[in-house]
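Going down the list, the sequences are from chains P and B. Under our numbering, the letters of the first sequence match residues 242 to 613, in that order. Under our numbering, the letters of the second sequence match residues 6 to 380, in that order.
What the hints contain is simulated information worked out from the structure, not anything from laboratory work. Every residue, glycine too, gets a C-beta built ideally from N, C-alpha and C. Careful, some of the hints might be misleading.
Stated by the list, open to error - For lysine to aspartate or glutamate, the following EDC-like pairs were computed, each having C-alpha atoms within a straight-line distance of at most 20 Å: (1) P:K550 with P:D572; (2) P:K269 with B:E228; (3) P:K340 with B:E26; (4) P:K495 with P:E405; (5) P:K269 with B:D81; (6) P:K269 with B:D40; (7) P:K244 with B:D81; (8) P:K606 with P:E548; (9) P:K581 with B:E228; (10) P:K266 with B:D81; (11) P:K426 with B:D357; (12) P:K564 with B:E228; (13) B:K194 with B:E126.
What the hints assert, rightly or not - Which residues of chain P face chain B? A few of them, derived with a C-beta cut under 7 Å, are: (14) Q251; (15) Q252; (16) Q253; (17) F254; (18) I260; (19) G263; (20) K266; (21) L275; (22) P277; (23) L386; (24) W431; (25) N458; (26) F465; (27) D472; (28) L474; (29) Q560.
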Amino acid sequence: MDKVRYSYLQQQFADPEEIFDGIRKLLKTGAFTLGPEVEQFEKSFAALIGTKHAVGVGSGTDALKLPLKALGVGYGDEVITAANTFIATAGAINEIGAKTVFVDCTKYYTMDVSQVEKAITPRTKAIMPVHYTGEPVDMKPLMALAEKYKLPIVEDACQSIFCEIDGKRAGTYGIASGFSLHPLKNLNVWGDAGIVVTDDDEMNRKLRLIRNHGMKNRDEIAVFGFNSRLDTLQAIVGNWLIPQTADITAQRRKNAAYYDQELGKIPGIRFCPRRPNVHQVYHLYIFEVDQKHRNPLLKYLLSKGIEAKVHYPIPLYQQEGLKHLGYKAGDFPETDRQAKEVLTLPVDQHLSREEADFCIHHVRKYFENGGM
Amino acid sequence: VSTSWRVPYVDFPAQFAGEKEELMNSVLEVFERGDFILGDKVVQFEREFAQLCGVKHAVSVANGTDSLILALRALDIGSGDEVITASNSWISSAAAIALVGARPVFVDVTSDQNIDPALIERSITPKTKAIMPIHLTGRCARMPEIMKIADKHKLPVIEDAAQAVMSHVGGKRSGSFGKINSFSLHPLKNLNAAGDAGILTTNDDELAVKLKMLRHHGMKNREEVAFWGYNSRLDTLQAAILLPRIKKLESVIERRRRNAKIYLSGLAGVVELPVEREDEFHTYHVFVIQCDRRNELQSHLMKAGIDTKIHYPIPIHRQEAAAYLGYGEGSLPVTERQAKRILSLPIHQNLDEKQLHLVVNTIKEFYEHKRTVQL
Numbered sequence: 242m243d244k245v246r247y248s249y250l251q252q253q254f255a256d257p258e259e260i261f262d263g264i265r266k267l268l269k270t271g272a273f274t275l276g277p278e279v280e281q282f283e284k285s286f287a288a289l290i291g292t293k294h295a296v297g298v299g300s301g302t303d304a305l306k307l308p309l310k311a312l313g314v315g316y317g318d319e320v321i322t323a324a325n326t327f328i329a330t331a332g333a334i335n336e337i338g339a340k341t342v343f344v345d346c347t348k349y350y351t352m353d354v355s356q357v358e359k360a361i362t363p364r365t366k367a368i369m370p371v372h373y374t375g376e377p378v379d380m381k382p383l384m385a386l387a388e389k390y391k392l393p394i395v396e397d398a399c400q401s402i403f404c405e406i407d408g409k410r411a412g413t414y415g416i417a418s419g420f421s422l423h424p425l426k427n428l429n430v431w432g433d434a435g436i437v438v439t440d441d442d443e444m445n446r447k448l449r450l451i452r453n454h455g456m457k458n459r460d461e462i463a464v465f466g467f468n469s470r471l472d473t474l475q476a477i478v479g480n481w482l483i484p485q486t487a488d489i490t491a492q493r494r495k496n497a498a499y500y501d502q503e504l505g506k507i508p509g510i511r512f513c514p515r516r517p518n519v520h521q522v523y524h525l526y527i528f529e530v531d532q533k534h535r536n537p538l539l540k541y542l543l544s545k546g547i548e549a550k551v552h553y554p555i556p557l558y559q560q561e562g563l564k565h566l567g568y569k570a571g572d573f574p575e576t577d578r579q580a581k582e583v584l585t586l587p588v589d590q591h592l593s594r595e596e597a598d599f600c601i602h603h604v605r606k607y608f609e610n611g612g613m
Numbered sequence: 006v007s008t009s010w011r012v013p014y015v016d017f018p019a020q021f022a023g024e025k026e027e028l029m030n031s032v033l034e035v036f037e038r039g040d041f042i043l044g045d046k047v048v049q050f051e052r053e054f055a056q057l058c059g060v061k062h063a064v065s066v067a068n069g070t071d072s073l074i075l076a077l078r079a080l081d082i083g084s085g086d087e088v089i090t091a092s093n094s095w096i097s098s099a100a101a102i103a104l105v106g107a108r109p110v111f112v113d114v115t116s117d118q119n120i121d122p123a124l125i126e127r128s129i130t131p132k133t134k135a136i137m138p139i140h141l142t143g144r145c146a147r148m149p150e151i152m153k154i155a156d157k158h159k160l161p162v163i164e165d166a167a168q169a170v171m172s173h174v175g176g177k178r179s180g181s182f183g184k185i186n187s188f189s190l191h192p193l194k195n196l197n198a199a200g201d202a203g204i205l206t207t208n209d210d211e212l213a214v215k216l217k218m219l220r221h222h223g224m225k226n227r228e229e230v231a232f233w234g235y236n237s238r239l240d241t242l243q244a245a246i247l248l249p250r251i252k253k254l255e256s257v258i259e260r261r262r263r264n265a266k267i268y269l270s271g272l273a274g275v276v277e278l279p280v281e282r283e284d285e286f287h288t289y290h291v292f293v294i295q296c297d298r299r300n301e302l303q304s305h306l307m308k309a310g311i312d313t314k315i316h317y318p319i320p321i322h323r324q325e326a327a328a329y330l331g332y333g334e335g336s337l338p339v340t341e342r343q344a345k346r347i348l349s350l351p352i353h354q355n356l357d358e359k360q361l362h363l364v365v366n367t368i369k370e371f372y373e374h375k376r377t378v379q380l
């Protein structure tokens with residue numbers, strides 16, 4: 242073996258004929274925008290997560306932006322989220338004119354709920370917990386807090402289809418929750434796509450309005466809305482994949498358990514404790530090493546053909562583009578620590594045992610050689 | 006949808022029949038590379054589109070609404086600013102302005118349905134940050150005049166060329182006049198993807214870089230975020246569908262112009278027609294007539310199996326969404342009058358002469374019959 246790739250799309254879609262048939266049919270009928278396959282996918286997805294409604298949109302970013310817009314969050318408002326998230330979370334908040342307020346995360350890579358209360362101000366209009374890497378936020382205390390302050394929760398579940406905490410699925414806690422269907426997500430389509438779930442009829446109605454130009458009907462525009470629709474073409478891919486979601490998740494969990502078991506034997510390797518009340522879905526498999534080893538180990542693995550990654554080396558609050566938020570170095574110590582110590586290995590459902598062993602072997606070798 | 010009409014407004018089966026293999030092979034190539042996000046074919050399509058418009062750069066995005074939003078954002082237009090545009094457009098023109106936090110300022114149009122250059126100057130205030138003319142129906146706004154006004158006031162122009170790929174005026178293509186210009190590649194456009202898609206053009210190197218970052222979360226590279234951005238990318242898969250189609254665009258437009266010619270000669274003197282000026286090249290994304298008893302004519306045509314549309318029955322300034330802007334009834338008289346008189350006839354490239362003559366004759370028959378009855 243000379244290579245372990247991060248993207249598995251060519252394996253996953255090695256035989257795309259069935260989907261191609263769907264696309265051929267679509268090209269003939271021309272229902273490219275909000276066609277019947279979109280509705281079918283929305284129904285299946287809502288059933289998959291266990292919500293009343295699902296609304297297909299243009300991307301995972303938009304799946305966060307649209308519920309905030311539907312809640313009336315806008316200029317001058319604040320939304321609280323986790324400091325260690327991907328830029329899309331904060332980007333969605335910014336797009337509708339609101340200000341991102343960060344709180345630090347826990348050793349589980351998710352929002353530290355105990356720090357949320359002190360971040361609440363009179364301008365706070367929503368809380369956006371991020372179920373990061375497939376690991377859920379501690380939703381019970383967060384829901385209690387939201388209840389106390391009468392603040393809506395919009396879950397960023399972009400990486401977390403089928404993830405659970407305390408027996409309840411990510412995406413079923415908040416007033417609305419956004420999922421990503423990006424090509425590298427656990428349930429993935431062939432381009433940018435996202436979906437919002439909700440139990441709330443009014444939220445459902447508003448989402449459908451603002452993803453489609455605010456159109457009440459062909460002629461009448463109720464509000465200025467976005468153009469953010471799940472392409473019918475992508476819904477065809479989604480419909481094909483939905484029945485596989487449970488198997489995909491199970492295989493990822495199996496791969497992660499194997500990594501846990503084998504990497505756990507190597508001195509110098511740490512990973513976040515696995516909790517019995519949590520069903521992790523491993524969109525990402527992250528482990529930790531001492532800061533001095535992280536970059537050398539990354540370099541070593543890459544030199545061996547292993548496509549390891551770092552999610553993410555620079556915390557958002559330290560990004561040049563977000564300086565105006567006014568944070569300073571050291572404001573989020575756990576986020577900072579993780580940015581320097583985490584490494585991601587491929588964990589997808591197509592990863593073979595040989596490939597996993599190859600990764601483990603080289604991590605071990607790095608430490609046996611005393612680090613390089 | 007199309008099977009029940011004798012003259013359908015669009016005909017996707019006919020389009021696909023002539024390109025099936027080429028299109029599916031192009032899609033298959035995306036699989037072989039697995040580059041679904043900003044892949045090779047996106048870059049290739051952008052290069053070809055820039056050439057088509059005669060500009061240095063083209064930057065593709067998720068749709069034609071986002072392309073307007075990104076153009077405005079790239080020029081740092083936002084809260085408290087004003088942008089001058091027309092009201093008789095698809096909602097996106099004004100929505101994009103409103104969504105970045107700015108205020109759309111509407112100017113009335115001339116008989117060609119495009120912004121009236123003579124009325125622009127009086128709408129310019131210290132808050133005006135851009136002029137956004139719309140090339141409605143595939144016919145360019147009066148760009149030579151508009152550019153003069155914009156230059157005089159040092160205002161950037163954003164062409165909303167959503168409906169006007171390859172149109173030109175004064176010997177210059179749409180998408181090559183303004184600082185940044187915006188196109189839609191929606192399934193109903195002359196150059197159409199199989200889903201939502203859009204693209205921007207510019208001759209400015211720095212703005213091209215900025216747009217590429219704006220569409221990708223404001224990221225400079227995998228790790229660094231330079232400024233707030235969006236997630237708005239053209240799917241590689243859509244680029245794969247657009248690439249074979251861009252090669253056919255010229256013939257698509259030729260066919261539409263041939264169809265228009267039949268309408269123009271057949272309906273002369275019967276209804277008001279979109280006749281080209283000498284310096285114009287109309288690509289007829291939409292063929293709009295202006296006529297009396299519009300609604301009656303539309304149902305008459307429908308009964309004859311002819312599908313028509315109205316683009317658009319309610320101008321943006323009279324929509325509920327725009328109520329807060331305070332444009333009352335009568336504030337844009339020409340736009341409002343046209344909204345009651347316009348009708349879009351089927352014009353797509355797959356119509357045959359028989360169908361076109363059926364449309365002509367049915368319209369003639371309607372007005373002749375009416376005249377007889379009145380006499």
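Check your understanding: Hints broken by the structure, by number, lowest first?
Key -> Going through the list in order, the structure violates hints 1, 2, 3, 5, 6, 7, 10, 11, 13, 15, 16, 18, 19, 20, 21, 22, 23 and 25 and respects the others.
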